[in-house]
Amino acid sequence: MNHDSPLLTLFGYFAMLSLFAVGGANAAIPEMHRVAVEVMGWMTDRQFADMFAISQLSPGPNVIIVTLIGYHVAGFTGAAVATAAMIGPTCMMAFFVTRFWDRFKHARWRIAVQAGLVPVSLGLIGASAFVLARAADNTVMAGVLTAATVVVAFFSRINPLWLFAAGGVLGLTGWL
Amino acid sequence: MSDPAAPFPDASPPDASPPHRPPLSEVFLAFVQVSVSGLGGALPWARRMIVERKRWMTAEEFNEAFALSQFLPGPNTVNFSVVFGQRFGGAPGAFVAMAGLMGPPLIIVTMLAVLYAQYGDLETLGRILKGIAAAAAGLLIAVVAKMAAPLFTARWNSAPLIAILAFIGVAIMQWPLPYVFLALSPVSIALAWFKR
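For the protein sequence lines, the chains are A and B, in the order given.
If you read the first sequence in the working numbering, its first letter stands for residue 5, the second for the next number, and so on.
If you read the second sequence in the working numbering, its first letter stands for residue 487, the second for the next number, and so on.
Hints are computed from structural coordinates only; laboratory data are not their basis.
Predicted model only: the values in this text are computed from it and were never measured.
Treat the hints with care, since some could be wrong.
Mimicking DSSO-like on lysine-lysine, the simulated pairs with C-alpha atoms at most 27 Å apart in a straight line are [unchecked claim]:
id	chain 1	residue 1	chain 2	residue 2
1	B	681	B	632
2	A	109	B	632
3	B	681	A	109
4	B	540	B	681
5	A	109	B	540
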């Protein structure tokens, strides 16, 4: 085994990280930063921040930042390898756990586990929302925009893309 | 059918299969749509598609499936696509949902990666992004509020307390998420066990 191969390092690292990333990609961001910038020296701080911004800008799950890191390290192959490592093992796990889970649909322990996990999960998503809002709202106007979005999204079924478009235009024209 | 007054109806009453099994192509397209609209995380869009538009799951079923996805390690929405897909169509369903969710962003982000490697200057992009980020945070807060509604009208009274403790632990105290999760889950499960 060649430990200098960046592809092997990418694969091993992200496969491992994916299995420890309870709470999703946003929870794993600080750990990715530590490894990519400080331990492996793959990129600078600024480059990492840019990649995080691009991953937020691009649609889809936030985990897509690993594709960017992979591309930066080893081109197209790196992007593919990092992404596969990050989602492969956990998808397999999710698949088999769900099958197992559904077999005990009416077991008392399963109902208790499921009912017990819902409020924990909800609190954690709430925390992500809080952390994201704190990161995004460093001006009063940005805070107002966030609050307005909460109200509109809660009380109407307007397509949220319009809210993003409005936010993008306000940002571009320097209101925030 | 779930009783809206029940806190955690056994989301699927005996021998209930989902109301109808959508064809795989429809599942794929739904997840493609979730993924291409999913700026700032796919959760709000997944809920909008599956609960509000397609009505493939009730609000409670969605919360439970999402809680399972979150309990599993790895990216939540990707896990969710697998959980959802496997439930509606076994292995092909899981693959199709996951591919729909991951395919378009992979293509888009790879193009962005190439552009970034070429130009690397994101000044304008950064300004636009700032506005989008503020709106995205607001959207996520609204979704959390919607998901929390059944919890706070439930008869199982410790649920809101657990949710608030999880929130405080991670958001305010900034404790590592796995610790908070591992500490609160057994307590919450035990409370649910004895409540029933």
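Outcome of the hint check:
For a cut-off of 27 Å, the pair hint linking residue 681 of chain B to residue 632 of chain B stands: about 24 Å separates their Cα positions. Among the hinted pairs, residue 109 of chain A with residue 632 of chain B is consistent with the structure: their alpha-carbon atoms are about 25 Å apart, no more than 27 Å. Among the hinted pairs, residue 681 of chain B with residue 109 of chain A is consistent with the structure: their alpha-carbon atoms are about 18 Å apart, no more than 27 Å. A threshold of 27 Å between alpha carbons decides the hint, and for residue 540 of chain B with residue 681 of chain B the separation of about 33 Å lies outside it, so the pair is violated.
Distance restraint check for residue 109 of chain A and residue 540 of chain B: the Cα-Cα separation of roughly 23 Å lies within the 27 Å cut-off, and the hinted pair is therefore satisfied.
Consistency with the previously given hints fails for number 4 only.
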